[in-house]
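Colleague: Residue numbering for the sequence shown follows the numbering used here, starting at 1 and increasing by one per position.
There may be inaccurate statements among the hints.
Below, a list of computed lysine to any residue pairs in the SDA-like style, where the Cα atoms sit at most 20 Å apart [said to hold, decoys possible]:
#	residue 1	residue 2
1	Lys119	Gln107
2	Lys31	Ala20
3	Lys134	Ser170
4	Lys176	Asp191
5	Lys134	Ala192
6	Lys134	Thr106
7	Lys134	Glu112
8	Lys119	Phe174
9	Lys134	Leu181
10	Lys134	Arg224
11	Lys119	Asp191
12	Lys176	Asp143
13	Lys176	Leu161
14	Lys119	Lys134
No lab work stands behind these hints, which were simulated from the structure alone. Nothing here was measured: the structure is a model prediction, and the numbers come from that model.
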Amino acid sequence: MRAYVDRESPLPYYVQVKEALREQIESGSWKPGDRIPSEPELCDIFSVSRTVVRQALRDMEDEGLVVRERGRGTFIAEPKIRSRSLVHSLAGFYQDLLEQGTAPVTQVLEQEIIPASPKLAENLEVDPNTPVIKLVRLRFVQDDAIVLVTSYLPYELCPELINADLSHQSLYAFLKREYDLSIARGRRRIDAVVASEHEASLLQIEIGSPLLRLDSVSYLADGRPLEYFHGLFRGDRSSFDVEIVRNQGNGRSEEIIGVD
Numbered sequence: 001m002r003a004y005v006d007r008e009s010p011l012p013y014y015v016q017v018k019e020a021l022r023e024q025i026e027s028g029s030w031k032p033g034d035r036i037p038s039e040p041e042l043c044d045i046f047s048v049s050r051t052v053v054r055q056a057l058r059d060m061e062d063e064g065l066v067v068r069e070r071g072r073g074t075f076i077a078e079p080k081i082r083s084r085s086l087v088h089s090l091a092g093f094y095q096d097l098l099e100q101g102t103a104p105v106t107q108v109l110e111q112e113i114i115p116a117s118p119k120l121a122e123n124l125e126v127d128p129n130t131p132v133i134k135l136v137r138l139r140f141v142q143d144d145a146i147v148l149v150t151s152y153l154p155y156e157l158c159p160e161l162i163n164a165d166l167s168h169q170s171l172y173a174f175l176k177r178e179y180d181l182s183i184a185r186g187r188r189r190i191d192a193v194v195a196s197e198h199e200a201s202l203l204q205i206e207i208g209s210p211l212l213r214l215d216s217v218s219y220l221a222d223g224r225p226l227e228y229f230h231g232l233f234r235g236d237r238s239s240f241d242v243e244i245v246r247n248q249g250n251g252r253s254e255e256i257i258g259v260d
């Protein structure tokens, strides 16, 4: 570990300490769950004050790099699941993780036909009480529950979905293979919420823990809604990357999303 600070550098001491500690994580020298040196030990290692060390650790905690536990110490946090597809492309969450070398595991909690409530009817542009397929899935990455997804799709567009085994396949891949249905565009909203007792139990977190809620309606090329969903992502394990580009001409750019 680079165990010094450059006292002639324009970078504040705490930033230098933080970057030295980050290097340990990114190099693999420190792994998730490892306990890092205590504050007094870090003060000795870097020859800096406790205020500097505390600021460095506070920033690392804010960035989700470490977890500080009272009376136990500071530990390397589990890495966040990064996703661009959820806010940026046609690929869903399932495909996004596969491209990162991680195979998500899906537990299907509900798979049933329900009558469309007024809210569902509005989002799916169908009449109230129209048959709708409801899917509730819990997605795991490396044995950790990461996201709870509830999807609603018009039954008439994909009736065999009610019998499909989605525990080991992508919803969007099934829809494309069986019905040649593909998402062409979507509208979405992201909110910060807290976990209810039920949500916390499923996601293996404390009640009131921070969650990111993603709501979306996904559309076919002809403008018909294919899916309305909301996903609840663990705030301590999720990160969304967004790329913004200047709009060219007078056209409106659309971002296409899904949880797959």
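Colleague: Is Lys134 close enough to Glu112, meaning Cα to Cα at most 20 Å?
Modeller: The hint holds at about 5 Å.
Colleague: Do the alpha carbons of Lys119 and Lys134 lie within 20 Å of each other, as the hint requires?
Modeller: 14 Å, holds
Colleague: Compare the distance between the alpha carbons of Lys134 and Leu181 with 20 Å, and conclude whether the hinted pair is satisfied.
Modeller: Holds, because 18 Å separates the two Cα atoms, which is no more than 20 Å.
Colleague: What's the verdict on Lys134 and Thr106, does the C-alpha distance respect the 20 Å limit or exceed it?
Modeller: Between Lys134 and Thr106 the Cα gap is close to 15 Å, so the pair holds against 20 Å.
Colleague: With the threshold set at 20 Å, check whether the alpha-carbon distance from Lys176 to Leu161 stays at or below it.
Modeller: 12 Å, holds
Colleague: Next pair to validate is Lys119 with Asp191; report whether the Cα-Cα distance is within 20 Å.
Modeller: 18 Å, holds
Colleague: Tell me if the straight-line CA distance from Lys134 to Arg224 falls inside 20 Å.
Modeller: 18 Å, holds
Colleague: Just to be careful, I want the Cα atoms of Lys119 and Phe174 compared with a cutoff of 20 Å; is the pair within it?
Modeller: With Cα atoms ~26 Å apart, Lys119 and Phe174 exceed 20 Å; violated.
Colleague: Is it true that the CA of Lys134 sits at most 20 Å from the CA of Ala192?
Modeller: 24 Å, violated
Colleague: Lys176 and Asp191 were given as a pair; does the straight-line alpha-carbon distance stay at or below 20 Å?
Modeller: Violated, at roughly 29 Å.
Colleague: Need the status of pair Lys176, Asp143: alpha-carbon distance at most 20 Å?
Modeller: 28 Å, violated
Colleague: Does the alpha-carbon distance linking Lys119 and Gln107 stay inside the 20 Å limit?
Modeller: 26 Å, violated
Violated hints, listed in ascending order, are 1, 4, 5, 8, 12; each of the other numbered hints is respected by the structure.
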